[in-house]
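Q: Dock chain B against the given chain A, drawing on the hints supplied.
From first to last, the protein sequence lines stand for chains A and B. Here the first sequence is numbered in numbering that gives the first Met the number 0, starting from 0 and rising by one per residue. Here the second sequence is numbered in numbering that gives the first Met the number 0, starting from 0 and rising by one per residue.
Mixed in with the good hints, there may be bad ones.
With a Cα cut of at most 25 Å, we get these calculated PhoX-like pairs of lysine-lysine [said to hold, decoys possible]:
1. Lys66/A x Lys390/B
2. Lys390/B x Lys203/A
3. Lys72/B x Lys111/A
Calculated directly from the structure, the hints in this document are not laboratory data.
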Amino acid sequence: MIVAGIDVGSLTAKCVLLKDGEIVAYKVIKVSPNLEETAEKVFGEVLREAGIDKVDKIVATGYGRNKVSFAERTVTEISCHAKGALFFIPTARTVIDIGGQDSKVISIENGKVAEFVMNDKCAAGTGRFLEVMASALHLKIEELGDIAERAEGATKISSTCTVFAESEVISHLASGERVEDIVAGIHEAIASRIAAMARRVKVKPDVVLTGGVAKNKAMKRALERELGMEIKIPAEPQIVGAVGAALFAMS
Amino acid sequence: MTLKKLKATDRMKQIMGGYYMMGKQAEVNGWITSGAPVELLYAMDIYPVYPENHGALIGAAKQGPHFSDFAEKREFSRDLCSYARCDIGCVFAGTSPVGGLPKPTFLFACNNICNTVIKWYQVLSRIFNVPLFILDTPFIRKDLKESYIQYVHDQLYEFVDFLEKTTGRELSDSKLKETLIKSVQGVNGYSEVLKMAKNKPSPLTCFDAFLNMAPIVCLRGTDYPIEFYAEMKKELVERVERGEGAVENEEVRLLWDNIPVWYRLRWFAEFFADRNACLVADTYTNAWTGFISMDKSDVFWSMAETYTFSYLNIGIEHTAEAINRLIDYYDVDGVVIHSNRSCKPYSFGQYELQKMIDVPSVVIEADMVDSRVFSEAQVETRLEAFLEMLK
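Pulled out of the complex, with its shape left as it was, chain A reads as follows (with noise of 0.2 Å):
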């Protein structure tokens, strides 16, 4: 049985295919402003890339869920990240997701969402918010987690808006701060706003790091710092999403 999982976030939509429950493609594209050819797109692509033309089902999750019309069924990311994660980590107990957009905490028992919890009216600790300081610094997005690396000390961000904590990096670049401590300051701000957030939920290990952001090795650190606990990272923290999502159309 071949069955797909498509993700598709705000930032970007992921799609993976599992053959007898084995991932054997997957493909992460930027979201265009049209969320159903974005979801034709990287279906498409990852068809090719497997060499079949049609699979036995589709479940589609993430923000634009509800735009894939080719798919059988939705389920929301709380619960694809969740069974995606135990996927790659059978002894997870804790899923933190920093998404495009939003970011979430998910608390796991006997293999199923017990509780969770979001961010809500504010991006603030969220991909977005390392987007935004990436830009004001002009530097990559990419390049932000081997910069905070090189830190001599974190300069305290202290504005918890992204729009505020962004005039506050222009000021500290313009008093002479090093570019290094105020990425790895980005770094802390964020990790400390997901913590309050994870907090709310509990936190036991082990604790899972997903979404595009866990690529980053300075926010799985400074995350780590904040909880006091041991992180772990899938092998492909983006699709984790697209797995879950997989694994309930084999379901």
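A: For chain B alone, coordinates are given in the frame of chain A:
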């Protein structure tokens, strides 16, 4: 998806249409907060005007941002309660979906629901240049002390003096007792309607309760709620006898916390019905269901007690206890908590409450009237995930 309609809702619209018409003709009227002892007004044939009900009506008509704008242009903050903003906005606009409210003879605010009403009614008092009476009910953190009741009790007498001076009318003891008896009968009838949701499947949803709550709020103390809720109960009993639920295939039973999202009532009702989930009860409509005591020898004492121990005037332990009572009585699987941007006293402590209640819960952020703070995708994801978790 077509939602099941109650015949009672048509009757309710007639009654409330009549209520608003009555207001245009009333010689004397007082603008009053939803949790205030309206019985004193009805006992003196004073027409009560409910800016909060008017606010809900504006929300349901999806006119919140429009009327709020009139107040915001006069520098009222967007962080202010949207009922207050719309009410003040309508005064400046000179109209509303019901053609505006009649100019008040006097104003009567009771702070047992929030403290915004004090400033709100002071603003109204300045605009209309009419007298304002504030009934101050101490917040009950732990116990309802006798000194609190005494304090409110004494103010009720002062309020009667205020009413007699303002209107030139006299309060008759027998008329007040009669009104209070009707009030108790109305409240009991209403409470029986809500309790019908104990049945499985439930013959009504909290959306039916929201739609049909106006008579108990606005006409409490008259014959209308007594007759109306008796009729509504009959209709619900028939549903139960037929084994018919308000939601087809009721799989999940839920409780709603906080004021409804008026401009999305239908959207929420359909959302849950589509997913075989029934919101059988809520903390909002249940706030109007009880008289603590009805000691006929001192009705002022009874009123003081009842109106001080109101749902939004009690400490979080009491609130959690009340929610857990509802969870148990209606046998619900989870709680949907509306964090209402407008209503601070209702929304404060909700994350704490989550830890104190007996079933899982989810928090959604919205506002009762101001649709500008509602994000459909965010709300949908949280609710869907919550249902996936419960099923």
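Q: Now, for every hint given, state plainly whether the structure supports it.
A: Taking the hints in turn, this is what the structure says about them:
no., hint, verdict
1, Lys66/A x Lys390/B, "holds, 24 Å"
2, Lys390/B x Lys203/A, "holds, 23 Å"
3, Lys72/B x Lys111/A, "violated, 50 Å"
In terms of the numbered hints stated before, the structure departs from hint 3 and from no other.
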